[in-house]
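Asks: These are the residues of each chain, in order.
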Amino acid sequence: MIPVVDIASTALFVASGFYFLAGSVGLVRFPDVYTRLHALTKADNLGLGLLVTGLALRSGSWYTVAKLYAIWLLVLFASATSCYLVAHAARTGGIPVWRNERP
Amino acid sequence: MLEMMTLVLMGTIALAVYRIERGPTGADRMLSSMLFGTSGTALTLLLGEVSGLHRLHDMALVFALLAAVTAVAFVKRAWRAGD
Amino acid sequence: MMLAFDVLLAALLVWIALGSLSELKLFKSVVMFVVFGLFMALAWVRLGAPDVALAEAAIGAGVTGALMLDAVGHMRERQQPYPAATARQDASDA
Numbered sequence: 001m002i003p004v005v006d007i008a009s010t011a012l013f014v015a016s017g018f019y020f021l022a023g024s025v026g027l028v029r030f031p032d033v034y035t036r037l038h039a040l041t042k043a044d045n046l047g048l049g050l051l052v053t054g055l056a057l058r059s060g061s062w063y064t065v066a067k068l069y070a071i072w073l074l075v076l077f078a079s080a081t082s083c084y085l086v087a088h089a090a091r092t093g094g095i096p097v098w099r100n101e102r103p
Numbered sequence: 001m002l003e004m005m006t007l008v009l010m011g012t013i014a015l016a017v018y019r020i021e022r023g024p025t026g027a028d029r030m031l032s033s034m035l036f037g038t039s040g041t042a043l044t045l046l047l048g049e050v051s052g053l054h055r056l057h058d059m060a061l062v063f064a065l066l067a068a069v070t071a072v073a074f075v076k077r078a079w080r081a082g083d
Numbered sequence: 001m002m003l004a005f006d007v008l009l010a011a012l013l014v015w016i017a018l019g020s021l022s023e024l025k026l027f028k029s030v031v032m033f034v035v036f037g038l039f040m041a042l043a044w045v046r047l048g049a050p051d052v053a054l055a056e057a058a059i060g061a062g063v064t065g066a067l068m069l070d071a072v073g074h075m076r077e078r079q080q081p082y083p084a085a086t087a088r089q090d091a092s093d094a
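Residue numbers (my numbering), protein chains in the order written: chain E, 1 to 103; chain C, 1 to 83; chain P, 1 to 94.
In short, the hints are calculated from the structure, not lab data.
Please note that a few of the clues may not be correct.
Stated by the list, open to error - For lysine-lysine, the following DSS-like pairs were computed, each having C-alpha atoms within a straight-line distance of at most 27 Å: (1) P:K28 - E:K42; (2) E:K42 - E:K67; (3) C:K76 - P:K25; (4) C:K76 - P:K28; (5) C:K76 - E:K42.
Stated by the list, open to error - Here are the simulated distance ranges between beta carbons: (6) E:A15 - P:V7: 25 to 31 Å; (7) C:P24 - P:L18: 17 to 23 Å; (8) C:A14 - E:H88: 27 to 33 Å; (9) E:V65 - C:E21: 16 to 22 Å.
Unchecked claim - Stretches of chain P that chain C covers, calculated by requiring three or more beta carbons in the stretch to come under 8 Å of a beta carbon on chain C: (10) 3 to 14; (11) 34 to 45; (12) 54 to 63.
Being a predicted model, the structure only gives us computed values, none of them experimental.
Virtual Cβ for every residue (Gly too), placed ideally from N, Cα, C.
Assemble the whole structure, with the sequences as input and the hints as a guide.
Replies: Here is the structure:
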């Protein structure tokens, strides 16, 4: 493999691992449903996009590249839609919004 | 490098299982299930690259689809705020 | 390195199965079941059977999970006890 491509895909993998970990730590540490949604649907989709880009650099054919990006687009659309649905259901279902007590 | 990434993704999934155990409301548990959609897709793509099975891209598509189906079933059917 | 991945996968699989079976809240149990299906699909991938993994992800996690969520919603809608239970209660009252 060409070393430049190898280094670039490795850097993309490291960045995607960072974003995945950040999303999960946000899921564990944040105080209520809405902030957790915020951490999850942004950071994880960005991590998946970086990972897909790294895999696309390593793959040989244009067909595989197109398929990988199609998977990422599907995940983006599905995640945005279900994020809105869950947040709307939580809001109308009466889950309270977290407020910072300290000024 | 790819093997390291699979371990990192397993770590994120373990954190999400912890959130399912803790999660005070049902929406929190559903959130963790959505995280499984995203990280499961990433993990499947990585495993396909590690083992050289490019058929696994179809399984990644199924994972992405099923997270959405489960979320819609949750919102339309199973939702009550108290649980 | 993949050995560590396999050990982690198996340990999480057992944890999720125990959590799904020993849980009193139905909704949490169902979410655990869906997650168990996804993990089982990953385990089939590691065992070298991608077609079984595809079927497990589609049927075991997706369709069964959606049906079970629907069933939990139905069970919560009817808060009164089931007809058989009320009939038995009437009989014991009489």
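Asks: None of the hints should be skipped; say for each whether it holds.
Replies: Results for each hint:
Taking the CA atoms of K28 of chain P and K42 of chain E, the gap is about 25 Å. The hint holds against a cut of 27 Å. Distance check on the hinted pair: K42 of chain E and K67 of chain E sit about 22 Å apart at the alpha-carbon level, within 27 Å; holds. As the CA atoms of K76 of chain C and K25 of chain P are separated by approximately 19 Å, the hinted pair is consistent with the 27 Å bound. A hinted pair counts as satisfied when its Cα atoms are at most 27 Å apart, and K76 of chain C with K28 of chain P qualifies at roughly 17 Å.
Distance restraint check for K76 of chain C and K42 of chain E: the Cα-Cα separation of roughly 24 Å lies within the 27 Å cut-off, and the hinted pair is therefore satisfied. A hinted range of 25 to 31 Å holds for the C-beta pair A15 of chain E and V7 of chain P, which are about 27 Å apart. A C-beta distance of roughly 21 Å is found between P24 of chain C and L18 of chain P, which places it inside the suggested range of 17 to 23 Å. Look at A14 of chain C against H88 of chain E: about 29 Å separates their beta carbons, and that is inside 27 to 33 Å.
For V65 of chain E and E21 of chain C, the hinted distance range of 16 to 22 Å is not satisfied, since their beta carbons lie about 39 Å from each other. Residue count for the region 3 to 14 of chain P with a Cβ under 8 Å from a Cβ of chain C: 5. That meets the three needed, and the coverage hint holds. Given a C-beta distance limit of less than 8 Å, the hint that chain C covers the region 34 to 45 of chain P holds, as 6 residues qualify and 3 suffice. Taking a C-beta to C-beta cut-off of 8 Å, the region 54 to 63 of chain P contributes 5 residues in contact with chain C, enough for the three needed, and the coverage statement holds.
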